[in-house]
Amino acid sequence: MTKRTIIPFGPQHPVLPEPIHLDLVLEDELVVEAIPSIGFIHRGLEKLVEKKDFIDFVYVAERICGICSFIHGLTYCIAVEEIMKIKVPERADYLRTIWSELSRMHSHLLWMGLMADSFGFESLFMHTWRMREKILDIIENTTGGRVIFASAKVGGVRRDIDSATLKSISKSLESYKNELKEITDIFIKDSSVQHRLVGVGVLKKGQAYELGAVGPTLRASGWSIDTRKLGYAAYKNIDFEPVVETSGDSYARCVVRIKELFQSIDIIRQLAGKIPDGPIEIKITGNPDGEFFARTEQPRGEVIYYAKANGTKFLQRLRVRTPTFANIPSLVKMLPGSSLADVPVLVLTIDPCISCTER
Amino acid sequence: MTEDQRLIDIKIDELLEKVIGFHAAGYRLVQIGCTKTDVLEINYSFDKDYNFVNLRIVIPSVDIEIPSVSSIYWSAFLYENEISDLYGIKIKNMAIDYKGNFYRTTVKYPFNPQNTGSSGEGIPS
Chain A
1 MTKRTIIPFG PQHPVLPEPI HLDLVLEDEL VVEAIPSIGF IHRGLEKLVE
51 KKDFIDFVYV AERICGICSF IHGLTYCIAV EEIMKIKVPE RADYLRTIWS
101 ELSRMHSHLL WMGLMADSFG FESLFMHTWR MREKILDIIE NTTGGRVIFA
151 SAKVGGVRRD IDSATLKSIS KSLESYKNEL KEITDIFIKD SSVQHRLVGV
201 GVLKKGQAYE LGAVGPTLRA SGWSIDTRKL GYAAYKNIDF EPVVETSGDS
251 YARCVVRIKE LFQSIDIIRQ LAGKIPDGPI EIKITGNPDG EFFARTEQPR
301 GEVIYYAKAN GTKFLQRLRV RTPTFANIPS LVKMLPGSSL ADVPVLVLTI
351 DPCISCTER
Chain B
1 MTEDQRLIDI KIDELLEKVI GFHAAGYRLV QIGCTKTDVL EINYSFDKDY
51 NFVNLRIVIP SVDIEIPSVS SIYWSAFLYE NEISDLYGIK IKNMAIDYKG
101 NFYRTTVKYP FNPQNTGSSG EGIPS
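If you read the protein sequences in the order shown, they are chains A and B.
At position 94 of the first sequence the residue is numbered 94 (the numbering used here), and the sequence of numbers has no breaks.
At position 100 of the second sequence the residue is numbered 100 (the numbering used here), and the sequence of numbers has no breaks.
There may be inaccurate statements among the hints.
Here are the computed lysine-lysine pairs in the DSS-like style, where the Cα-Cα straight-line distance is at most 25 Å [what the hints assert, rightly or not]:
#1 B:LYS99 <-> A:LYS333
#2 A:LYS47 <-> B:LYS99
#3 B:LYS48 <-> A:LYS229
#4 B:LYS48 <-> A:LYS204
#5 A:LYS333 <-> B:LYS48
#6 A:LYS47 <-> A:LYS313
Far from chain B by the CB rule (all over 10 Å, computed), these chain A residues [said to hold, decoys possible]:
#7 ARG4
#8 TYR59
#9 ARG63
#10 PRO89
#11 ILE183
#12 ASP185
#13 SER191
#14 SER192
#15 VAL198
#16 VAL244
#17 ILE275
#18 PRO279
If you are wondering where the hints come from, they were derived from the structure by calculation, not from laboratory data.
Just so it is clear, CB atoms sit at the ideal spot from N, CA and C, and this is done for glycine as well.
All chains should be modelled from the sequences, with the hints used to inform the complete structure.
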């Protein structure tokens, strides 16, 4: 009988910027079971909603994550606006969508860099993050911030982007595409990358759905499910289809994110061409009273903000279900059958954001 | 309105039957979350083809044990352990039971209505 060994993976590990722990049960080098453990840095930010004015809480929501910060703030705003039956100006919806897609791009590029680093392709890591800097520069030029840029507010947005800047962004992203393709081609075509990703950590189509996977993890297993298709913000006016791959392995999850980069550029181009003139915010009066589940698509997948209010300036409850939390069961099921050496790569393929998870 | 959302109030003893029904109908489990008002509400959210539906049970007291749905949706064990650790609600037959060690909070059951007053602070464990 093969000897079983339990290897603790994390909470501190070179591929983990944030703490998550897995107890890996091994038979020789093969993983046969994985038991996750989180909660090392649980911050209880949901509880803070009882003490922060609902208008001000958007600053807290943006700090739930240091990568998909803007979409956290946006989703919180949507939850409150739906309860208060506020219709934000159309221009604000477009601006929200532009910043959402820029956030998706810099998040995916960050992930690609981390991924390249995890399989030892240092130069690819550096080139990917060099490309990410250009997206952060656009965000900085339009908001003054780079990652947490405080541009969403209940009732609209805090800043506008003038039409000349929008045209310039759209044009620069078109030329950016060529440079991006040079790097993404390495992820897609290089044999050493394929060797580490193809056939590794397969999540079958039925499994992905059954386990409640979201985002690129779900779409890489053949599901055309993307919360942006709900049509929140300006997505209802944009022509796009979810990026879907069918093999369900680490390579497919990588390819989905790469294709979504190019899709984001196309969405921004469409938005820049259609954005209407007009105000960017409306004045908010009164307090929210009611409840709503706001759903949006973060780079890692669907996020849920459940808000319940009782007519005071403090929300009664804010519950945030982050995409990484939803993807942990899939990770646990894709690990058995893989070798110990593949575990770091596999953990990264769900693009774990523990900061979000430990909200 | 970004989407229509259905909310169905059910009794605790109807929970498993209803969840089995959603599973059989091909819905995915989106989330389970608890809310403290005068009572404790637990929302079970499901989605199919962007059709978002919630089941809600009301728990008058944390002493009342509720059944786990993790035998139907395995991924539910994460949500259930979270609720158990933050609110102190007893959930029986979870697929993986961390026995109060899922979240390492400095106070035990920080969202428990018996622990939280206006200060919002829990009882040290």
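- request: Could you tell me which of the numbered hints above are not met by this structure, giving the numbers in increasing order?
  value: none
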